[in-house]
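Sequences listed follow chains X and S, in order.
For the first sequence, position 25 (counting from the first letter as 1) is numbered 25 according to my numbering, and the numbering increases by one without interruption.
For the second sequence, position 157 (counting from the first letter as 1) is numbered 157 according to my numbering, and the numbering increases by one without interruption.
Simulated from the structure, these hints should not be mistaken for laboratory data.
Small disclaimer: the values here were computed from a predicted structure and weren't measured.
Incorrect hints may have been included.
[Claimed, not checked] Calculated lysine-lysine pairs in the PhoX-like style (CA-CA distance at most 25 Å, straight line): (1) X/K158 <-> X/K241; (2) X/K2 <-> X/K241; (3) S/K285 <-> S/K271; (4) X/K9 <-> S/K127; (5) S/K285 <-> X/K158; (6) S/K287 <-> S/K271; (7) S/K271 <-> X/K9; (8) S/K112 <-> X/K2.
[As the list claims (entries may be wrong)] With the Cβ distance kept under 7 Å, some of the chain S side facing chain X (calculated, not the full set): (9) F22; (10) T48; (11) L70; (12) E74; (13) Y78; (14) P80; (15) P84; (16) E88; (17) Q90; (18) V101; (19) F104; (20) G106; (21) S277; (22) F283; (23) E297.
Each residue gets a CB set at the ideal place from its N, CA and C atoms; glycine is no exception.
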Amino acid sequence: MKGLFPIFKRELLAYFRSPVAYVFIIIFLAANAGCTFMLGNFYDSNQASLEVSFLFHPWLYLFLIPAVGMRLWAEERRSGTGELLLTLPVRTSVSVFGKFLAGWAFIAVALILTFPMIITVHYLGFPDNGPIITGYLGSFLMAGAYLAITSFTSALTKNQVISFILSVNICLILVLLGWGVLSEILNTIFPVWLTDVISQFSFTTHFDAIRRGVVDLRDIVYFLSIIIFMLMTNVVVLESKKAS
Amino acid sequence: MIVVEALSKQFGRFQAVDEISFEVQRGEVLGFLGPNGAGKSTTMKMLTCYLPPTSGNAEVNGFSINSQPLQVQEQIGYLPESAPSYNEMQVEEFLTFIGEVRGFSGTELRRKVGRVLELTSLQDARKQIIDTLSKGFRQRTCLAQSLIHDPPVLILDEPTDGLDPNQKHEVRELIRRMSEERTILISTHILEEVEAVCSRALIISEGRLVGLGTPDELLSQSIYRNAVTLSVSGKSAEALLEDLNGLEQVYSVERLEDMPSGALTVRVFPKDRESISSELEQFLKKKKMVIEQFFVERGRLDEVFRNLTLGN
Ligand SMILES: Nc1ncnc2c1ncn2[C@@H]1O[C@H](COP(=O)(O)OP(=O)(O)OP(=O)(O)O)[C@@H](O)[C@H]1O
Ligand SMILES: [Mg+2]
Numbered sequence: 001m002k003g004l005f006p007i008f009k010r011e012l013l014a015y016f017r018s019p020v021a022y023v024f025i026i027i028f029l030a031a032n033a034g035c036t037f038m039l040g041n042f043y044d045s046n047q048a049s050l051e052v053s054f055l056f057h058p059w060l061y062l063f064l065i066p067a068v069g070m071r072l073w074a075e076e077r078r079s080g081t082g083e084l085l086l087t088l089p090v091r092t093s094v095s096v097f098g099k100f101l102a103g104w105a106f107i108a109v110a111l112i113l114t115f116p117m118i119i120t121v122h123y124l125g126f127p128d129n130g131p132i133i134t135g136y137l138g139s140f141l142m143a144g145a146y147l148a149i150t151s152f153t154s155a156l157t158k159n160q161v162i163s164f165i166l167s168v169n170i171c172l173i174l175v176l177l178g179w180g181v182l183s184e185i186l187n188t189i190f191p192v193w194l195t196d197v198i199s200q201f202s203f204t205t206h207f208d209a210i211r212r213g214v215v216d217l218r219d220i221v222y223f224l225s226i227i228i229f230m231l232m233t234n235v236v237v238l239e240s241k242k243a244s
Numbered sequence: 001m002i003v004v005e006a007l008s009k010q011f012g013r014f015q016a017v018d019e020i021s022f023e024v025q026r027g028e029v030l031g032f033l034g035p036n037g038a039g040k041s042t043t044m045k046m047l048t049c050y051l052p053p054t055s056g057n058a059e060v061n062g063f064s065i066n067s068q069p070l071q072v073q074e075q076i077g078y079l080p081e082s083a084p085s086y087n088e089m090q091v092e093e094f095l096t097f098i099g100e101v102r103g104f105s106g107t108e109l110r111r112k113v114g115r116v117l118e119l120t121s122l123q124d125a126r127k128q129i130i131d132t133l134s135k136g137f138r139q140r141t142c143l144a145q146s147l148i149h150d151p152p153v154l155i156l157d158e159p160t161d162g163l164d165p166n167q168k169h170e171v172r173e174l175i176r177r178m179s180e181e182r183t184i185l186i187s188t189h190i191l192e193e194v195e196a197v198c199s200r201a202l203i204i205s206e207g208r209l210v211g212l213g214t215p216d217e218l219l220s221q222s223i224y225r226n227a228v229t230l231s232v233s234g235k236s237a238e239a240l241l242e243d244l245n246g247l248e249q250v251y252s253v254e255r256l257e258d259m260p261s262g263a264l265t266v267r268v269f270p271k272d273r274e275s276i277s278s279e280l281e282q283f284l285k286k287k288k289m290v291i292e293q294f295f296v297e298r299g300r301l302d303e304v305f306r307n308l309t310l311g312n
């Protein structure tokens with residue numbers, strides 16, 4: 001694990017030194033509030049909870065997290081610093097994990113900055129804090145899965161835009177597989193059990209339960225496995241890119 | 001010490017490095033020469049475990065690049081060709097980062113950063129954002145990075161590229177000073193640099209090793225080796241040429257532009273590139289000619305380089 005902390009620290013600082021970071025945070029906060037109050041009919045629901053707010057997170061993340069993660073490896077490759085980093089006596093897996101953690105920490109900061117929403121629901125009523133906490137944890141975990149996918153696509157190319165488009169597409173598939181509308185269409189074609197299996201691969205399916213305050217170990221394991229699998233693939237891509 | 005054994009690298013079907021073998025001992029500076037695209041950087045990338053070789057192996061202080069990359073990387077300080085660094089960081093901060101990744105901390109780290117800033121004369125730029133540095137300063141920042149852990153092996157890809165003449169001199173001095181207890185491999189396109197700092201030089205072309213030796217050994221392959229350029233007055237041109245051609249040790253004589261003084265200037269090529277300066281001097285004295293210029297060449301590296309890299 002030698003080198004993990006300095007790599008993490010450098011990457012996180014790099015986020016906050018680029019204007020893109022602040023643009024991202026502002027867009028995320030605005031979109032989060034916008035979706036909740038306008039699309040989600042927050043007031044009409046007459047419920048003091050953040051459930052509707054979390055409902056939109058899979059869609060918000062779909063664009064915002066690829067934007068956060070696209071630079072992770074593509075930029076190292078473009079600027080040549082990857083050659084520096086990968087010739088330091090540090091395992092590739094440590095570099096990958098350190099950079100991933102930095103992106104994740106950055107997203108955590110953005111999530112923490114949504115705290116006015118929590119204050120608002122407490123002001124409006126007496127919310128159950130359980131689902132709020134699990135919602136945040138679930139959202140954070142899910143964000144990690146998006147980010148791990150983006151980190152992987154970012155290692156495939158030196159072009160950040162290509163990395164962005166690739167990861168938006170992969171994440172979109174993972175969101176749609178569990179989307180109610182799609183499931184109903186699939187139900188008309190496939191047997192129900194098959195549709196269920198397909199939807200088990202989706203972010204939405206696993207996030208929905210957590211969002212409602214139901215913490216199932218399987219959902220947590222699902223997100224963690226996506227993260228681990230994607231980061232391992234990321235390492236393999238970096239090492240095979242070197243070989244080509 | 002670096003031992004390279006039949007190292008090869010293929011990119012698809014393209015053979016970038018073709019079974020190169022050589023050794024660099026501790027205390028040596030090996031200069032790596034070759035035309036653009038010859039495979040110098042590729043070889044260095046393999047030695048630093050950035051690219052895995054297609055076949056062959058190399059050992060750096062006894063550690064194999066194929067099976068012990070982390071140990072190899074501990075031994076090496078590497079300056080990549082493009083001298084990359086994290087642009088958003090300050091010079092000192094960047095060097096501190098590299099030191100941290102290499103496992104140093106606290107006062108030891110600060111001391112090491114201070115030392116390399118001094119070695120590369122970057123003290124005044126320590127707080128400057130790398131993005132705002134000029135090319136030469138960036139080059140030195142990346143060089144400083146390679147020295148942070150006081151590595152026993154240095155691999156520097158065109159270390160003086162983009163430096164002004166003073167800094168070139170400084171960096172060469174630095175390399176020479178450091179070479180005593182280190183193993184150093186540098187690539188360069190500046191042939192004077194080879195004579196200035198390298199104890200041996202290696203020439204590759206199209207991935208193959210075409211020449212290896214001390215600068216003097218390479219120079220001895222030059223047709224200018226021991227050629228004498230001389231200007232004399234007091235005799236007619238034709239007679240002198242005839243006399244010189246008549247000498248036993250002379251291979252050929254070439255007439256050059258005459259001096260402004262009217263003196264006749266010729267270049268004499270000896271047979272077998274043997275030294276003929278004393279014989280010539282005696283001969284000219286005997287003929288009572290006034291020597292205005294007398295210059296013995298050691299050989300020309302650029303000509304040797306051209307022959308070795310274009311010849312095949
Ligand atoms: N990743 C790669 N994929 C394909 N070909 C490559 C790759 N890297 C290098 N090459 C090719 O390998 C050859 C050797 O390149 P290399 O960079 O080692 O040359 P060099 O001797 O350092 O040249 P220069 O003096 O210009 O720096 C070149 O023809 C180059 O195009
Ligand atoms: Mg090169």
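> What are the numbers of the hints that this structure violates, sorted from low to high?
Replying inline: Numbers 5, 7, 9, 17, 19, 20, 21, 22 and 23 - these are the hints that the structure violates, sorted from lowest upward.
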